[in-house]
Each structure stands twice: as structure tokens, then as C-alpha cells.
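Student: For the protein sequence lines, the chains are A and B, in the order given.
Number 54 in this note's numbering belongs to position 54 of the first sequence; there are no gaps in the numbering.
Number 1104 in this note's numbering belongs to position 104 of the second sequence; there are no gaps in the numbering.
Don't read these hints as lab results, they were simulated from the structure.
Please note: incorrect hints may appear among the correct ones.
[Unchecked claim] Pairs of lysine to aspartate or glutamate, EDC-like flavour, derived with a Cα cap of 16 Å:
| hint | chain 1 | residue 1 | chain 2 | residue 2 |
| --- | --- | --- | --- | --- |
| 1 | B | LYS1208 | B | ASP1134 |
| 2 | B | LYS1208 | B | GLU1037 |
| 3 | A | LYS4 | B | GLU1037 |
| 4 | A | LYS4 | B | ASP1205 |
| 5 | A | LYS5 | B | ASP1205 |
One letter stands for each residue in the lines below.
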Amino acid sequence: MGNKKWWLIALVFCLLLATISPLASSSPDGLEKVAEDKGFIGAAGDAPFEIIADYVFPGIENEAVATILAGWIGTLLLFGIAYVIAWLVRSRGEKAAAR
Amino acid sequence: MHIPDGFLNTATVVTTGVVSAGGIANAVRIANKKLGERHIPMMGILAAFIFAAQMLNFPVAGGTSGHVIGAALVAILLGPWAAVIIMSVVLIAQSLIFQDGGLLALGANIFNMGVVAGFGAYYIYRLMGTLLGDSNRSRLVSGFVAAWSSVLLASIACAIELAVSGTSPLSVVLPAMAGVHALIGIGEGLITVAVVSVVMSTRADLLKLQRI
């Protein structure tokens, strides 16, 4: 079964998905398109600060590389955050009862 | 469907913020009772998958693109409250770090793509399962319908918030949002079914985890 292995393979697969992110369509998404067509896109405000704005890692000239890097960082970060949160909120009773 | 700041009025920001905060608190309370050791890596993988998959906008008709929401996949595999937790984690990271989705609009985005999409998908999946019976094929058909519906429902919630905020009249924004997301939802349905069928054929035991 490889109880540990499955999620490592899955995580590598997620990183591969992030690696092909420069191939994603750059057309506006559903909400943006509606906002453009119906004339309220101008209401959108700028973010008060930018870290890795629009999934492009700052300071890298090659946009594909900057996008892949942003994707890898986000994928690993989300895995880590969700894992830690799940570990923190997990039920402690189940393990004790299983013994 | 990430709403930027500026589209919603204060009343809508506050209302959706309070509802989503309550939803997260309840989700954590329920997870605290039901989430076991075996859920933990699954939670991490689903958050990573949804983040990566949301970067992959696919083209739909008329110079528009869409990406998966992912709440339906989590709701089917782990249950609706798990979907609220994972979508909140993803949306908060996207807003804070990647400037995708407004900071003030976070409550609305969590409500639409976490609460509405997650619970919508979960109950439609269960209803379909009751109607179609318990087989792998019925699970995949139910998964497709649930995932497609979750996108449509989230887009309707988004349209209502925009209308209540006075950004665009409901008669204009509702058909426009529902129309384009009925197409984007097909992508959500196909991707959800693809992942569920991979889990079915490789690790069917993961489909039997307790729902949260």
C-alpha cells in the first residue's frame, strides 16, 4: 500500500501541474469578463501591498520561470499549511480509543 | 471567480465576513471531533492540488477562461466542512500572498467558493447517490453533476452579492455570471471526475474516510 508514498507521489504531481502553469489561458476569467462586458471592472481596487502578485515571482525577467517559481512556492506552502492545520485540529480521542 | 476589493459595499463585506468566520469556526469545531490521522496528508494534498489547479486557467467560449474551484472535490472526498477549511486556507493564501481576490472580499470569496460550493456539491452528490445507487459509475456521474452545480451556485451567490452591493443590477449580472459559469462548470465536472476515478482505481480506501 505504501501509506506514506501515495501523498508524496500526489505532491510531485501537484508540482508538475504548477510547472505547466505558464501554458494557462491568459484570457480574463468568468467574473473579470462579466465585469468588463457589464462595465464595472473599473471599480476594482489595487491591493494595498504585493508579495507574489498575480502568481509572478518578482524580480525575475523570464515570466514563465517567475510563474513556475510562484506555482511551486504556493503548492508547497499550501501543502504545508493545510497539513499543519489538519494536524493541529485533529481529533485526539480517536487515537486513544484505538489503543 | 475571486472578487477583488471595490466590487462589494460595506454591508456585504461585513455580512459575508461574519458568516464565513462563523463557518470556519464551526468547521474547526467539527474537524476537532472527526478528523483522524489518515485525513491529515489528504488535507495537505487537496490544498496543494487546488492551488496548482487554480493556476491552470482553461479557455472557454468567447475570449474567457475559467479554472476549477475544487470545493466539490474536497466535499466528495472528505465532506463539506473539510471543504470549508481547505478553501479558506487556499483563498486566504491567494489573497495575502498572490494578490488574487481582495482582502476585504475574502469573506465573500470564502462564502461563495467554500461554503456555497462545498455544501452545494456535498448535498447534490448525496442526493444523486441516493437516486442512482451505489456503484462506481453512479459516483462518477454524481460527481460530475455535483461539481458542475457547485460552480453555478457559487456564481449565483457572487452575482447576488454584486447586485446587493449596487455594482451591477441583478437582471444583468445574474444571467451573465450563471451563463459563463455553466460553461466553466463543465471543466470543474471533468476534472473532479478525473481525480475521483484516479483515487478509485489506485487508493479506493481513501474514498471511505469519515466525512467531515
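Student: Would you mind marking each hint as holding or not holding in the structure?
Tutor: Here is what the structure says about each hint:
For the given pair, LYS1208/B sits about 13 Å from ASP1134/B by alpha-carbon distance, which is consistent with the 16 Å threshold. Annotation: proposed proximity of LYS1208/B to GLU1037/B holds, straight-line Cα distance about 14 Å (limit 16 Å). With a C-alpha separation of about 12 Å, the suggested pairing of LYS4/A with GLU1037/B holds against the 16 Å cut-off. A hinted pair counts as satisfied when its Cα atoms are at most 16 Å apart, and LYS4/A with ASP1205/B qualifies at roughly 14 Å.
Of the pairs offered as hints, the one joining LYS5/A and ASP1205/B holds, with about 15 Å between alpha carbons and a cut-off of 16 Å not exceeded.
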